[in-house]
Structures are given as C-alpha cells and as structure tokens.
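Trainee: Single-letter residue listing:
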Amino acid sequence: MADHWGFVLAAYGLAAVVLLAYWRWLVARDRELQGAARSRVAPVSGHPRSEHASRHPVQ
Amino acid sequence: MVRVVGGVTLAALAAGLVMGFGVAPREATQGNVQRIMYLHVPSVWVAYLAFAVVLAASIAYLARRAEAADRLAHASAEVGVLFTGLTIATGSIWGKPTWGTWWTWDARLTSVSILFVMYLGYLLLRGMIEDRERGARYAAVLGIVAAFNIPLVHFSVYWWRTLHQPPSLMKPGPGTMPGIIVAALLVNFVAFSLLYVYFVAKRVGLLRREAEAAL
Numbered sequence: 001m002a003d004h005w006g007f008v009l010a011a012y013g014l015a016a017v018v019l020l021a022y023w024r025w026l027v028a029r030d031r032e033l034q035g036a037a038r039s040r041v042a043p044v045s046g047h048p049r050s051e052h053a054s055r056h057p058v059q
Numbered sequence: 001m002v003r004v005v006g007g008v009t010l011a012a013l014a015a016g017l018v019m020g021f022g023v024a025p026r027e028a029t030q031g032n033v034q035r036i037m038y039l040h041v042p043s044v045w046v047a048y049l050a051f052a053v054v055l056a057a058s059i060a061y062l063a064r065r066a067e068a069a070d071r072l073a074h075a076s077a078e079v080g081v082l083f084t085g086l087t088i089a090t091g092s093i094w095g096k097p098t099w100g101t102w103w104t105w106d107a108r109l110t111s112v113s114i115l116f117v118m119y120l121g122y123l124l125l126r127g128m129i130e131d132r133e134r135g136a137r138y139a140a141v142l143g144i145v146a147a148f149n150i151p152l153v154h155f156s157v158y159w160w161r162t163l164h165q166p167p168s169l170m171k172p173g174p175g176t177m178p179g180i181i182v183a184a185l186l187v188n189f190v191a192f193s194l195l196y197v198y199f200v201a202k203r204v205g206l207l208r209r210e211a212e213a214a215l
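Top to bottom, those sequences are chains H and P. Position one of the first sequence corresponds to residue 1 (the numbering used here), numbered consecutively onward. Position one of the second sequence corresponds to residue 1 (the numbering used here), numbered consecutively onward.
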C-alpha cells in the first residue's frame, strides 16, 4: 500500500495547530486576568477615591 | 508547578514523535499512514479520561457543592471536547486512504460524534445560564448523563457491525500488536495524558481567577 505521507502530515499538522491555538488562548487569557488584577490593585491616580466620591453627581 | 508539568509534557511529546516516526517500524499492511494511530488513539484515550473526570467531578459537585469540583468538571469537559474533535478529524484523515472515504455513518463514528455534540452542549449550557450555581448544577447533571455514552462508543465496534476496527490495545486478553508498536503507543499515551493534566491545571487556575474577579 502507498505510504500517503500527505495524510500523515495533514493529521499531525492539524493536531499541532489546534493544540497550539488552545495553549495560546490559555496564555492570552492568563495575561488578560493578570492585567485586570493589577489594574484593580493599583489605581492609575495613586489616590483611590471613596465609593461615595466616585459616584456621578447626577445620581 | 504547572510550568514544570508543561516542560515535562513538551519533552514527552517530543519522545512520542521520535517513537512514532523514528523507532516504530512501517506497518506492513497500511504503510506509513498507520503512523496516524500514534496521534488518533492517544487522543481518544484523553477524551475518555477527560469525560470520566467530568463524571467524577460532577458527582462530587452534586454531593458537596464544592466549587473546585465544578471548575474541574468544566475544565476537563473543555479539554475533552478538544481531544474528541481531534479524534474525529484525525480518524477522518486516516479513513480516506485506508477505507476510501472521509466519513461513513458507522456505529463508532456516529457514537463518537454524538459524544462530541453532547459535551459541546454541556459547554454551551454552562455559558448560557447566568446564575453560576444553577448553571453548575445543570451542567453536573448533564455531565453524569453524557458519560453513559462513553461505554457505548468503546463497545460499539463489538455490538454493531462496523467499518472501524475493534480496539487493538484497550481490550481484554493478550495483545496482537508487536511490542515496539505498543511501546510507541504507550509513550504517546503518557505524553497526551500529561498534556491533558497541563491543560486542565492551567484552565482550572483561570476559572478560579475568573470567579474571584467576578466577586
């Protein structure tokens, strides 16, 4: 029987792409959450306003 | 710890490739296309493992309402769907040169597709329900019900007349495969199992942090 290397490459290539894409998504989500956590801990101004002061005056 | 598992997994995957392409011989009947087996069979093994973990974690969640169990079930289902998709795709690629068709409504192929759709539904259900506790409860019930399909998939090749061959390794009795092929397959089983552990550990960590951020 012929070896069909093209099919072998297609199967392994597809698996590599799918698994790598999932891993990259996990890493990107990890960074996203790290960034969000950092911005919660350290506000940009350095002087966090009280909840009352941060409310819109119209409210 | 997760990083260490990641490093070991990478090394194991490299060893699996060496075993599958460098050490294992060319199969006499199918030729080199049979090397897809070192990818296809470990993928379905990981899918079985992942859904068995979903079953256990779902039971644990319903019994104790432990959020950690729910997160484990969620992460495991996601990784299981990924590997079931890979199993179907690589099986189809292997099927074309050996059976002459990409797809046939054979009992094994159909039952594994149903398994894939059921766990895809499980993930959709989780995403659809906003109330976390209720979503987790419904998902746990579905995680238990869907697991009944796993033995159906595995034994479908015995219970019905199928184009798909019966298992060569995960079956009772003495094996018929040459030792070197079994060894290559086992190395890939280990590598894929480690990849499963790595993905699930990373995903569980993300789910925990997502839950903390939502509070």
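No lab work stands behind these hints: they were computed from the structure. Fair warning: this is a prediction, and the values are worked out from it, not measured in the lab. Note that the Cβ used here is the ideal one computed from N, Cα and C, for glycine as well. A portion of the hints provided could be inaccurate.
For the chain P half of the interface with chain H, some residues (derived, Cβ under 7 Å), not all of them [unchecked claim]: (1) Met1; (2) Arg3; (3) Ile36; (4) Leu39; (5) Ala89; (6) Ile93; (7) Ile144; (8) Leu206; (9) Leu207; (10) Ala211.
Trainee: Evaluate each hint against the coordinates.
Mentor: Cross-check of the supplied hints:
Annotation: methionine 1 (chain P) was flagged as interfacial toward chain H, and the flag is violated, the nearest CB pair being 15 Å apart, outside 7 Å. For the restraint placing arginine 3 (chain P) at the interface with chain H, the shortest Cβ-Cβ distance is roughly 12 Å, beyond the 7 Å limit, so the hint is violated. Because the closest C-beta pair between isoleucine 36 (chain P) and chain H is about 5 Å apart, less than 7 Å, the hint holds. Interface hint status for leucine 39 (chain P): upheld, as the beta-carbon distance to the closest one in chain H is roughly 6 Å, under 7 Å.
Because the beta carbon of alanine 89 (chain P) sits about 6 Å from the nearest beta carbon in chain H, less than 7 Å, this interface hint is met. Among the interface hints, the one on isoleucine 93 (chain P) holds; its C-beta lies about 4 Å from the nearest C-beta in chain H, closer than the 7 Å criterion. Given the 7 Å rule on beta carbons, the hint for isoleucine 144 (chain P) is violated: about 25 Å separates it from the nearest Cβ of chain H. Interface restraint check: leucine 206 (chain P) against chain H, minimum CB-CB distance 5 Å, threshold 7 Å, status holds.
The beta carbon of leucine 207 (chain P) comes no nearer than 10 Å to any beta carbon in chain H, farther than 7 Å, and the hint placing it at the interface is violated. Because the beta carbon of alanine 211 (chain P) sits about 11 Å from the nearest beta carbon in chain H, more than 7 Å, this interface hint is broken.
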